[in-house]
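**Q** Residue numbers (this note's numbering), protein chains in the order written: chain A, 1 to 287; chain B, 1 to 298.
I should point out that these hints are in silico values taken from the structure, not numbers from a laboratory.
Be aware that one or more of the hints could be misleading.
To spell it out: a stretch of chain A is covered by chain B in this simulated footprint if at least three of its residues, at any positions, have a beta carbon under 8 Å from a beta carbon of chain B; those stretches are [what the hints assert, rightly or not]:
1. 16 to 24
2. 44 to 50
Straight line, CA to CA, 25 Å or less: simulated DMTMM-like cross-link-like pairs of lysine to aspartate or glutamate [as the list claims (entries may be wrong)]:
3. K106/B x E191/A
4. K106/B x E95/B
5. K190/A x E9/B
6. K185/B x D165/B
7. K106/B x E9/B
8. K198/B x E191/A
9. K41/A x E110/B
10. K106/B x D165/B
11. K98/A x E9/B
12. K106/B x E160/A
13. K185/B x D46/B
Idealized CB from N, CA, C, for every residue including glycine.
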Amino acid sequence: MMKFLAQNRHTVQRLGFSAITLMAVVTVLPIVGTILFILFKGGSAISVEFLTGFPHDGMRAGGILPAIIGTLYLTIGTAIFSVPLGIAAAIYLAEYAKDNQWTRLIRIAIINLAGIPSVVYGLFGLGLFVLFLQFGTSILAASLTLSIMTLPVIISTSEEALRAVPQAFRTVSISLGATRWQTISRIILKEALPGILTGVILGLERAAGETAPILFTGAAFFLPRLPQSPFDATMALPYHLFVISTQVPEMPIQIQYGTALVLLVFVLTMNVIATVIRSRARARRQW
Amino acid sequence: MEKSLSWREFIITRLIQSSGYSAILFVALIFFFLLREGLPTLGEVDASSLLNIRWYPIENYFGILPLITGSLIVTLGATLIAVPFGIGTAVYISEIAPRWVREILKPLVELLGGLPSVVLGFLGILVLSPFLRVFLNLPTGLTAFTGSLLLGGIAVPTVVSVAEDALDSVPRAYREGAWALGATKWQTIWRVTLPAAKSGVLTAVMLGIGRAIGETMTVMMVTGNAPVLAVKLGSLFSPVRTMTATIAAEMGEVANGSTHYHVLFFIGMVLFIISLVVNVIASSVVFRAKKRAERILS
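The following block holds chain A by itself, in its conformation from the complex (with noise of 0.2 Å):
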């Protein structure tokens, strides 16, 4: 057998690269397929009625308003909390940090958040910001679960970019006076926006796509006003796109692939405006 493997050798590279060449396909093709499917079946559904009405008829008829409204809302909450301290808590790694067993804890806690279930985040928002803090279900309990589990995403794309630049920048700006802080705000930081940008949004995609974390934080079956303030439950495009599909008997299945699309393309224009970013920045790096 190895004898026949050793003088085959060829032969079995050929068969072995098609095999993993096919597993690829495989791989891909139903991500293409996904996407290609529910903007074949949803798009006869997109009306200028569905994208601006409210729901009516036990959410059996017109529009999404107040889910595409909540999604948008609870993406900016989100931002809001989680991109500047995402963002300094990049810097202190990638800057300040020194290589002791604080920092690896650091790393450790990091990669713990990234790998904790999304369902749990909403147990911890549920228990921390609806109960003990008494924000109740609201946009700014689902918000701020939803920005701790984006932080590790923000931080991990935030320093590889600030590490990505040259030593020689921040060498060259402290000799010429800078304090460390001037350096970093005014250089570093510049240079390595894109890249951090790349991680916000691909950071913020994932908030504005996740149902788990706001069931029991912030999301409202239904609504027939839009959200007045932060106080307030909210419709999410997920969160209905769940309801529609699974809660509510002889829905009308164009609805469901409305919804499904509209989610889908809120999410895919945030991850081309991602890898648009950074391949652009790619090929324009001098350094």
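Starting from the known structure of chain A, fit chain B onto it as the hints suggest.
**A** Just chain B, lined up with the frame of chain A:
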């Protein structure tokens, strides 16, 4: 001027430092609140009925074994799918694909990672499960297997990106050495590159498993949600219910502070500990490998 500058510098440095440490604070807070709401379970339900096979909260049956086996069987199925396809795709992207294909594939796989799980669950209900019911001739298409297939898809991007990183960081000299000795590219991949990237690939597998076991919405939507003990192979093709789905489905309907409420937090605690263990193992593998690499290179 000088003085105010150094003060500003001091305050900013402290702010940045505390942001860095906040990650530790959050993990501690999460654990604390899970303990706070979950530990009362042990006083309200005795251990033997907690480890029972009957989950029927309305009549105070809180056996979490069916939920644990449900999670395990779905995760096992997902791992069996995600690991070979994930590593295969990573090998293809890093070792075989021409440059332009790589530039297309990488963002596409990343895109899969960003697809909301509720969308996959939705398609699972409408497309995949009716197909499987007819194709496999089952009484219902909402089974552990359906969940495994979709979860496999959800775990794949994690496996691909981590494994691809690991393969990418194998020094080019290793491959050149193998080629120079007359090995084919295929032999080089199997006997040099993959073994050299072993620890990173292992991390990829661990993180993929972690991703699968924690996934909530998709499994809740497609696995049928029947809390039965899943220990036979046939259980793969019948409805099951996972720990995550139980929390998500029932938390909205329980009274705060009730036994049921505490048990759901207890399950959350178990999930938290599982993810902690998986991630610590995954990161310690990387850490040890890095140390060894440093020793060899120095």
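**Q** Against each hint, give a clear statement of whether it holds in the structure.
**A** Consistency of the hints with the structure:
Counting residues of the region 16 to 24 of chain A whose beta-carbon sits less than 8 Å from any beta-carbon of chain B gives 7, enough to reach three: the coverage restraint holds. Closer than 8 Å: that is the beta-carbon criterion, and the region 44 to 50 of chain A has 0 residues meeting it against chain B, so the requirement of 3 is violated. In summary, the hint linking K106/B to E191/A is supported, as the alpha carbons are separated by about 24 Å, within the 25 Å threshold. As the CA atoms of K106/B and E95/B are separated by approximately 13 Å, the hinted pair is consistent with the 25 Å bound.
For the proposed pair K190/A and E9/B, the alpha carbon gap of about 19 Å is at most 25 Å, so the pair holds. Of the pairs offered as hints, the one joining K185/B and D165/B holds, with about 19 Å between alpha carbons and a cut-off of 25 Å not exceeded. Using a Cα cut-off of 25 Å, the hinted pair K106/B and E9/B is violated, with the two alpha carbons roughly 41 Å apart. Restraint check for K198/B and E191/A: the C-alpha separation of about 34 Å exceeds 25 Å, so the hint is violated.
The suggested pairing of K41/A with E110/B holds, with an alpha-carbon distance near 23 Å, which does not exceed 25 Å. Our distance criterion of 25 Å between C-alpha atoms is met by K106/B and D165/B, whose separation comes to about 11 Å. About 18 Å separates the Cα atoms of K98/A and E9/B, which keeps this hinted pair within 25 Å; it holds. Among the hinted pairs, K106/B with E160/A is consistent with the structure: their alpha-carbon atoms are about 18 Å apart, no more than 25 Å.
Proposed proximity of K185/B and D46/B is contradicted: the alpha carbons are some 59 Å apart, above 25 Å.
Violated hints, in rising order: 2, 7, 8 and 13; the structure is consistent with all others.
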